[in-house]
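Between the sequences and the hints, there should be enough to build the whole structure, so can you do that?
In this text, residue positions in the sequence shown follow UniProt numbering: the first is 1, and each later residue adds one.
Any given hint might turn out to be false.
Said to hold, decoys possible - Below, a list of computed lysine to any residue pairs in the SDA-like style, where the Cα atoms sit at most 25 Å apart:
{"no.": "1", "residue 1": "Lys-166", "residue 2": "Arg-176"}
{"no.": "2", "residue 1": "Lys-166", "residue 2": "Gly-152"}
{"no.": "3", "residue 1": "Lys-166", "residue 2": "Gly-83"}
{"no.": "4", "residue 1": "Lys-166", "residue 2": "Ile-198"}
{"no.": "5", "residue 1": "Lys-166", "residue 2": "Gln-144"}
{"no.": "6", "residue 1": "Lys-166", "residue 2": "Ser-141"}
{"no.": "7", "residue 1": "Lys-166", "residue 2": "Arg-119"}
{"no.": "8", "residue 1": "Lys-166", "residue 2": "Asn-194"}
FYI, nobody ran anything at the bench for these hints, they're computed from the structure.
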Amino acid sequence: MSPPRQALDAIGHLPDPEIDIADAALQFARVDAPEADWQEARAHLSELARDAVAVAHGIAEDDLVSRANALAALITGRHRYQGDANDYDNLDNANLIRVIARRRGLPVALGILWLHAARAAGWGVHGVDFPGHFLVALEGSREQVVLDVFAGGAAMDGRELRALLKRVEGPQAELRPGVLAPMSQRAVLLRLQNNIKIRRLHLGDVAGALACTEDMLRIAPDTASLWREAGLMNEQLDRVAAALRCFETFLGLVPEGEAAVRTRAAVEALRSRLN
1 MSPPRQALDA
11 IGHLPDPEID
21 IADAALQFAR
31 VDAPEADWQE
41 ARAHLSELAR
51 DAVAVAHGIA
61 EDDLVSRANA
71 LAALITGRHR
81 YQGDANDYDN
91 LDNANLIRVI
101 ARRRGLPVAL
111 GILWLHAARA
121 AGWGVHGVDF
131 PGHFLVALEG
141 SREQVVLDVF
151 AGGAAMDGRE
161 LRALLKRVEG
171 PQAELRPGVL
181 APMSQRAVLL
191 RLQNNIKIRR
201 LHLGDVAGAL
211 ACTEDMLRIA
221 PDTASLWREA
231 GLMNEQLDRV
241 AAALRCFETF
251 LGLVPEGEAA
261 VRTRAAVEAL
271 RSRLN
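Laid out in structure tokens, this is it:
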């Protein structure tokens with residue numbers, strides 16, 4: 001097994017708060033781009049952390065606007081990161097090593113850098129599971145500031161969040177409870193890798209999408225939906241035994257419900273092919 005996959009397996013055993021999100025994303029990137037200079041990327045992450053500690057000096061504890069401005073000046077200004085709107089579907093935009101080299105990426109890939117810097121500064125921060133567009137929130141004692149890191153860290157008020165939701169879900173969409181739900185470390189990493197999985201499927205690369213899914217399961221082995229997806233992809237690739245293992249793991253996690261009924265039917269059909 002490759003060293004980055006060993007690292008991902010180790011992450012799968014960690015409590016969520018103990019995950020170093022940037023290092024975990026770096027391990028995913030090493031798997032997908034083994035020829036890339038991951039050590040240079042790691043050195044840059046260390047530099048970014050040191051810079052964040054320096055810019056945090058003197059900012060008041062609950063001055064979220066100054067914190068947001070300091071991070072924007074550091075990441076968008078000094079280090080010149082930006083959202084890649086012109087080549088959005090480029091797989092490099094979801095690979096942290098490539099993102100660091102190119103200084104461009106998807107919202108969630110850039111967001112990981114913002115989370116990394118904010119935490120190095122000692123600030124409360126989390127990813128936001130906004131529909132269709134990853135956001136970052138800086139946490140204060142009584143409020144939070146939501147930032148669009150793809151737009152350079154622009155602060156989003158209620159009107160702008162509502163407009164963004166309508167662009168994603170349609171003109172009838174309205175802000176609702178849970179739309180700004182904080183994401184766990186694992187959830188952010190899975191959202192990052194999901195971009196790669198989906199793009200590979202769109203390209204017809206089922207084997208590549210399956211490999212991505214299997215790596216996602218290394219850090220989140222109890223995510224039932226991923227086991228079912230892996231089973232379906234193995235079935236599509238005519239890997240019957242592997243599909244059965246994935247479906248049976250899914251059923252161990254989700255023994256009841258409509259998805260379980262469909263999965264049991266798929267298991268029976270696959271077992272009949274082995275007889």
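So which hints don't hold here, by number, going up?
-> The structure breaks hints 6, 7; every other hint is satisfied.
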